[in-house]
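First to last, the protein sequences are chains A and B.
Here the first sequence is numbered in my numbering, starting from -2 and rising by one per residue.
Here the second sequence is numbered in my numbering, starting from -2 and rising by one per residue.
The hints are simulated quantities; they were obtained by calculation from the structure and are not laboratory data.
You may find that some hints are simply not true.
One copy or any two copies: either way a pair holds, since identical chains are not told apart in the list.
[As the list claims (entries may be wrong)] BS3-like mimics (lysine-lysine), calculated; alpha carbons at most 25 angstroms apart, straight line:
1. LYS77 <-> LYS110
2. LYS77 <-> LYS132
3. LYS59 <-> LYS171
4. LYS171 <-> LYS110
5. LYS59 <-> LYS110
6. LYS45 <-> LYS110
7. LYS77 <-> LYS171
8. LYS45 <-> LYS59
9. LYS132 <-> LYS59
10. LYS171 <-> LYS132
What follows is each chain in one-letter form.
2 protein chains.
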Amino acid sequence: MSGMPLYLSLQNEILNAISRGAYAAGDLLPTEQEYCDRYGVSRATVRKALENLSADGRVVRKHGIGTYVQMTEVPGQSVKFRGHLEDVLLHDPENSFRRISRQACRFPDDIYKLFGEAVDRQGSVSLSLISRRSKPIMAGLIYLPAPQCEHDVEAAYATTEQPTVMILRSAGIKIARGHQRIRPILVEPEIAALLGVPAGTPLLRGRRVYFDIKGRAVAVVEATYHPTNYEMGIDLLPR
Amino acid sequence: MSGMPLYLSLQNEILNAISRGAYAAGDLLPTEQEYCDRYGVSRATVRKALENLSADGRVVRKHGIGTYVQMTEVPGQSVKFRGHLEDVLLHDPENSFRRISRQACRFPDDIYKLFGEAVDRQGSVSLSLISRRSKPIMAGLIYLPAPQCEHDVEAAYATTEQPTVMILRSAGIKIARGHQRIRPILVEPEIAALLGVPAGTPLLRGRRVYFDIKGRAVAVVEATYHPTNYEMGIDLLPR
DNA sequence: TAGTGGTCTAGACCACTGA
DNA sequence: CAGTGGTCTAGACCACTAA
Chain A
-2 MSGMPLYLSL QNEILNAISR GAYAAGDLLP TEQEYCDRYG VSRATVRKAL ENLSADGRVV
58 RKHGIGTYVQ MTEVPGQSVK FRGHLEDVLL HDPENSFRRI SRQACRFPDD IYKLFGEAVD
118 RQGSVSLSLI SRRSKPIMAG LIYLPAPQCE HDVEAAYATT EQPTVMILRS AGIKIARGHQ
178 RIRPILVEPE IAALLGVPAG TPLLRGRRVY FDIKGRAVAV VEATYHPTNY EMGIDLLPR
Chain B
-2 MSGMPLYLSL QNEILNAISR GAYAAGDLLP TEQEYCDRYG VSRATVRKAL ENLSADGRVV
58 RKHGIGTYVQ MTEVPGQSVK FRGHLEDVLL HDPENSFRRI SRQACRFPDD IYKLFGEAVD
118 RQGSVSLSLI SRRSKPIMAG LIYLPAPQCE HDVEAAYATT EQPTVMILRS AGIKIARGHQ
178 RIRPILVEPE IAALLGVPAG TPLLRGRRVY FDIKGRAVAV VEATYHPTNY EMGIDLLPR
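Given these sequences and hints, build the entire structure.
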């Protein structure tokens, strides 16, 4: 219908199907071939639609498996951007990751809410520091619920110094997607000391929530960024 | 060579060509057909490579013209994300834009540097407020160099209340790309009064630089966001 | 092993831009 | 108008995943 490209019509069809509840978060969408048959278009067209939805974070495509539906979000007034998990995982070999401390903890209300369905309010919180050429760039509090695999996570921690989400991966917890909300804070003394800035300095803090393929929150990180050793930049592109 | 997909090899070829100076910012790259002939691959493969570079903000593709090279950036340690110009232009009809004041100004050092080649250090600065359902969400200082088209910009301002970058567009200044750096600040009394928060509150400030197709900075905005009426969110996706 | 998504080709026609 | 990128097709083979 109309002058809209076929792949855009298909994208909208799929989004509508998701939003009217035909597929829930974590469900598998029909296969590419199925869409070809159902709408009478070529596979390249179906792929373009699904790749766009993937780029917009609405679905996750897994080679050999299929296309999963992601959680929908209903933001208020906000600017939302897209980024790559890897950019935040800091796999740059020049960055060093160090875990400062770890302890059991009963989650504060706001953190507990993020985990939603988590069976237990009890978990662990770790304090870590990421540096680059011995200059601190980020201090993070990492909240992990107490799951079956806690032992694997601890074992992975013991063998290597890697950012927490890498550790989660090596413990078999695959992260499909995340979301980070950025806000300004006046830094607390403990974090300030780690970053080497005066307590009370205004800093950027990102609250990251990582989700697995089923849309369950599996980790929450409160990342506090150094004011000058680190830059938060966003490229603005035409649509 | 190796098991790398053809389109990735081509992407790297193009990036290498750019970084060794074969094409400068603002130049046109070879056409799709030219790449097909030169590398002996199909047009779909060439297109995939160029579309990826476009999604990464390294080139801008213009229907009927060709593919332009964008400015390269050499960030220090940073997290870089991608977003859409339109998300920042706030074309949401529920948002209202109001220009509070405008005056001639001699640019401060840091702003002047951003304009780089601007012939004149003299320009204008406007103070504006964007609200949503009569709640303030952003106050912005907009710096514009004094160009030939200043008259057109002012004429556009007089006829409609639109965000500055929309105004620039309607004055014939096409914006190809932008960049925003986010940092925390303690808000000054004037901005605080506009947003309705106490002076000294820690807030997010984005310094946006808008570039035309030739890579020249044509506008700088210092955007200060309301702490609760606005959210800065980033989706984290697998690569 | 069967079925999925990932890559790739060789063609076609259309829509936009500038001269 | 000629030339560009935008959309689309109908095939092919490969790489990955789960059972």
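### Hints that the structure is at odds with (numbers, increasing)
5, 6, 9, 10
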